[in-house]
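Visitor: Sequence:
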Amino acid sequence: MKNDKEVVRLRQKAVSEGRKSLYLDIYVKGTRRYVFLRLYLLPDTSRANKEKNRETMRLANAVKAKRKKVDFLTKFIIKVCYLSAISVLFIQLYKYKF
1 MKNDKEVVRL RQKAVSEGRK SLYLDIYVKG TRRYVFLRLY LLPDTSRANK
51 EKNRETMRLA NAVKAKRKKV DFLTKFIIKV CYLSAISVLF IQLYKYKF
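Counting along the sequence shown from 1, when you hit position 63 you're at 63 in this note's numbering, and nothing is skipped either side.
Hints are computed from structural coordinates only; laboratory data are not their basis.
We put the CB at the ideal spot given by N, CA and C, even for glycine.
A hint or two may mislead.
No farther apart than 27 Å at their CA atoms in a straight line, the calculated lysine-lysine pairs in the DSSO-like style are these [said to hold, decoys possible]: (1) K20 - K64; (2) K50 - K29; (3) K64 - K13.
Beta-carbon label-pair distances, calculated as ranges [what the hints assert, rightly or not]: (4) S46 - K68: 26 to 36 Å; (5) E55 - K29: 29 to 39 Å; (6) F72 - N49: 27 to 37 Å; (7) Q12 - R47: 33 to 43 Å; (8) N49 - K29: 19 to 29 Å.
Work the whole structure out from these sequences, hints included.
Guide: Shown next as structure tokens:
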């Protein structure tokens, strides 16, 4: 079965005056965290608002991509460090025995 779930999702929450707040919904190992970006979408009432919303979404997606990259690298580095530590311990034990 294919796992299509994203670890980091960009979501919107309605706030006052028709604006929408953008936040990241991060779900890892059964734990959910929210990171509010302090970025807001304006109501699509004018061309200027639509352009501003496009720019805001570009920025929010860039933050999301960076967060995904940092989370991936953190997991990768932890695994590599853990495996390296086990390898070093095994080599030391092997040298000590023989």
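Visitor: Would you mind marking each hint as holding or not holding in the structure?
Guide: Okay, the hints, checked on the actual structure:
no.	hint	verdict
1	K20 - K64	17 Å, holds
2	K50 - K29	37 Å, violated
3	K64 - K13	16 Å, holds
4	S46 - K68: 26 to 36 Å	33 Å, holds
5	E55 - K29: 29 to 39 Å	34 Å, holds
6	F72 - N49: 27 to 37 Å	34 Å, holds
7	Q12 - R47: 33 to 43 Å	21 Å, violated
8	N49 - K29: 19 to 29 Å	39 Å, violated
Hint compliance for this structure: hints 2, 7 and 8 are not met, and every other hint is.
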